[in-house]
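Asker: Listed below are the residues making up each chain.
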Amino acid sequence: MEPEHSTVGRRSRRWFLGLGAAWSAALAACRSKPSSDTSAFPDARVPGAPIRPYGERSSFEHSHRLIRSDTRVPLEEASSQTPLHDTYGIITPSSLHFERHHSGVPQIDPATHTLTIHGLVERPLVLTVDEVRRLPSVSRIHFVECSGNSSSEWRSSGATDLQRAHGLTSCSEWTGVSLALLLKECGVKPEGTWILAEGGDSGRHDRSLPISKAMDDVLVAYAQNGEPIRPEQGYPMRLLVPGWEGNVNVKWLRRIKVIDQPAMTREETSKYTDLMPDGTARQFTFYMEAKSLITRPSSGDTLPGPGFYEVTGLAWSGHGAITRVEVTADGGKTWTDAQLQTPILPKAHTRFRWPWQWDGSEAVLASRATDETGYTQPRVAALVAVRGVNSNYHNNGVQLWKVAADGTVTNGNRG
Amino acid sequence: MLTACGVVSSAQSPTYGLGHTPTPDQLKKVDIEILPDGRGLPPGSGTAATGKQVYTAKCLTCHGPSGAEGPQDILAGGKGTLATPKPLKTVGSYWPYATTLWDYIRRAMPFDHPGTLTTDDIYSVSAYVLFLNHIVGEQDVLNQTTLPRVQMPNRNGFVSDPRPDVPPKKQP
Chain R
0 MEPEHSTVGR RSRRWFLGLG AAWSAALAAC RSKPSSDTSA FPDARVPGAP IRPYGERSSF
60 EHSHRLIRSD TRVPLEEASS QTPLHDTYGI ITPSSLHFER HHSGVPQIDP ATHTLTIHGL
120 VERPLVLTVD EVRRLPSVSR IHFVECSGNS SSEWRSSGAT DLQRAHGLTS CSEWTGVSLA
180 LLLKECGVKP EGTWILAEGG DSGRHDRSLP ISKAMDDVLV AYAQNGEPIR PEQGYPMRLL
240 VPGWEGNVNV KWLRRIKVID QPAMTREETS KYTDLMPDGT ARQFTFYMEA KSLITRPSSG
300 DTLPGPGFYE VTGLAWSGHG AITRVEVTAD GGKTWTDAQL QTPILPKAHT RFRWPWQWDG
360 SEAVLASRAT DETGYTQPRV AALVAVRGVN SNYHNNGVQL WKVAADGTVT NGNRG
Chain G
0 MLTACGVVSS AQSPTYGLGH TPTPDQLKKV DIEILPDGRG LPPGSGTAAT GKQVYTAKCL
60 TCHGPSGAEG PQDILAGGKG TLATPKPLKT VGSYWPYATT LWDYIRRAMP FDHPGTLTTD
120 DIYSVSAYVL FLNHIVGEQD VLNQTTLPRV QMPNRNGFVS DPRPDVPPKK QP
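Chains as they are written, first to last, in numbering that gives the first Met the number 0: chain R, 0 to 414; chain G, 0 to 171.
Calculated from the structure, these hints are not laboratory results. All of these numbers come straight from a predicted model, not from anything done at the bench. We put the beta carbon where it would ideally sit given N, CA and C, even for glycine. A hint or two may mislead.
[Stated by the list, open to error] Keeping only pairs whose Cα atoms sit at most 30 Å apart, straight-line, the calculated BS3-like set for lysine-lysine is:
| # | chain 1 | residue 1 | chain 2 | residue 2 |
| --- | --- | --- | --- | --- |
| 1 | G | K57 | R | K270 |
| 2 | G | K28 | G | K57 |
| 3 | R | K270 | G | K28 |
| 4 | G | K57 | G | K78 |
[Said to hold, decoys possible] Just some of the chain R residues that point at chain G, by a computed CB distance under 7 Å:
| # | residue |
| --- | --- |
| 5 | F40 |
| 6 | L124 |
| 7 | V125 |
| 8 | E130 |
| 9 | S201 |
| 10 | R203 |
| 11 | P230 |
| 12 | M263 |
| 13 | R265 |
| 14 | T268 |
| 15 | G278 |
| 16 | R281 |
| 17 | T284 |
| 18 | N389 |
| 19 | N391 |
If we strip away everything but chain R, and leave its shape as in the complex, we get:
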């Protein structure tokens, strides 16, 4: 039995189609008139563009990912950075989500792609993409940040702007199947203490993860911001490892093997290890520690003159939810609390806002975040004092933006 509104809907549709035909005729008639006919009507208008099957942004908007000039695609170091200064709220548009891939973006047909789960399990399993999508799923909002983000700020040379310095973090709503569910279906043997996750890109990118994380909050994600994951983000499916460095969020996921020790892949030995001043290197530095950035105003902006500005930015932590963001306009002499905008979600970008009356004199703006563990984001100098300047990864230090009297904003970490 059909509900009443369904009939109404069909009737409405017929009415609309009829109108459509009349409308087309009317439009054709209008267009055939000479333009001089409308000159006597200063308020003359024409209808806008017709509907279209897939949306695009306004032709007046040009914000884009930054492709560094030294990056030739598909070079091993290929990356593009999110224009954080042009994003609002906490969700990064999928089209602007940063990219980092190690052997180009594969074009994978979901009809032929499979996920194999094997190794130290009772029941190895191959699942098609359709089968993964049929399993009980969950949607969650999480950031992904490359651990090399902000690496320009270890040294006082610093990057010129926010996007160059910090654009390797983005935040999306991810939909997928809990990896724990999949592993339980396969039955992990007691000696299975790690997993190896491997991608279907040409370089078969792979990383080892401890089974404790694999059984916690990891997703095999197939959708991002309401639509299938984009090719550069791992279509048709990727690992989403909340709060951990981007490199372990293996894209184009094709295989998970349960193993009894880390595989010591190239990406977890020669790369993504953090060199200390004594020559030792920290390994399996998975967590992204609490961090925040003022995204507006930031380097490259020019304030038109003294007056009111809403200082806004993003804060996040791989250890959970952000509990506090403080902002300073005097380079850290005094800090006051920013307003955290809901939703404030664990392991997700959190938007903060801070009202500011600029008096027109030189100012140094900065933010610092505290997360639910009580950890507070440190100054870069404090990180350098412990780690030196050659660890490359995991720089979560405070970012300073210097506002000159003429309103120009530059990187206050420099010089």
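Position chain G against the provided structure of chain R, taking the given hints into account.
Answerer: Same frame as chain R, but now just chain G:
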């Protein structure tokens, strides 16, 4: 414990009845990682002497005549630089396991045509890169048994993650 016996055709996930059991052939095609103890290494062998040809043909353009010139990743040199202001992280100065080198060459190299080296090529060119770093001799044979035994200079150079480390933890 479930065994293959009796579940041949209905080998699906127990709760949701989805998926199928991979055949040994299907698994063999994708089961490629090499563990640090050498598990996963296939039969085959090579030496630096034979590897030089492979390197010259397939690797030199990106990594330079002696592995130290680039323009892509520097493979050789850097010994003793890790604790200096200008550390040079190479296979010889930094990589903790020779198995990683073998795995990565098979997995991802040559960059523009991964998957085109034979097993013996991979043993050979691995040996050559290690030879360029003075870790093996020119005639040393690398195979399933000898490769995992190669002692990498920085084998003990890695520590676990001590974070949060800033501010520094107070000494007890």
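Asker: Does N391 (chain R) pass the interface check with chain G, least Cβ-Cβ distance below 7 Å?
Answerer: Since the shortest Cβ distance to chain G is 10 Å, the answer is violated.
Asker: If you draw a straight line from the CA of K28 (chain G) to the CA of K57 (chain G), is it 30 Å or shorter?
Answerer: 24 Å, holds
Asker: Return the status of the interface hint for T268 (chain R): holds when the least beta-carbon distance to chain G is below 7 Å, violated otherwise.
Answerer: Holds, because the Cβ-Cβ distance from T268 (chain R) to chain G comes to roughly 5 Å (cut-off 7 Å).
Asker: Using 7 Å as the Cβ threshold, decide whether R203 (chain R) counts as touching chain G.
Answerer: With a closest approach of 5 Å, the R203 (chain R) hint holds.
Asker: When the nearest CB of chain G is found for T284 (chain R), is that gap smaller than 7 Å?
Answerer: It holds, given that the least Cβ distance between T284 (chain R) and chain G is near 5 Å, below 7 Å.
Asker: Holds or violated: K57 (chain G) with K78 (chain G), Cα cutoff 30 Å?
Answerer: 25 Å, holds
Asker: Given the proposed pairing of K57 (chain G) with K270 (chain R), does the C-alpha separation stay at or below 30 Å?
Answerer: Since the Cα atoms of K57 (chain G) and K270 (chain R) sit roughly 23 Å apart, the hinted pair holds (cutoff 30 Å).
Asker: Decide if the proposed pair is consistent with the structure: K270 (chain R) and K28 (chain G), CA atoms, cutoff 30 Å inclusive.
Answerer: 26 Å, holds
Asker: If you take the shortest Cβ to Cβ gap from R265 (chain R) to chain G, is it below 7 Å?
Answerer: 4 Å, holds
Asker: Is the shortest C-beta separation between V125 (chain R) and chain G less than 7 Å?
Answerer: With Cβ-Cβ at 5 Å, under 7 Å, it holds.
Asker: Does the closest beta carbon of chain G sit nearer than 7 Å to the beta carbon of E130 (chain R)?
Answerer: For E130 (chain R), the interface hint holds, since the closest Cβ of chain G sits about 4 Å away, which is under 7 Å.
Asker: Once the shortest beta carbon distance from F40 (chain R) to chain G is found, is it less than 7 Å?
Answerer: 62 Å, violated
Violated hints, in rising order: 5, 11 and 19; the structure is consistent with all others.
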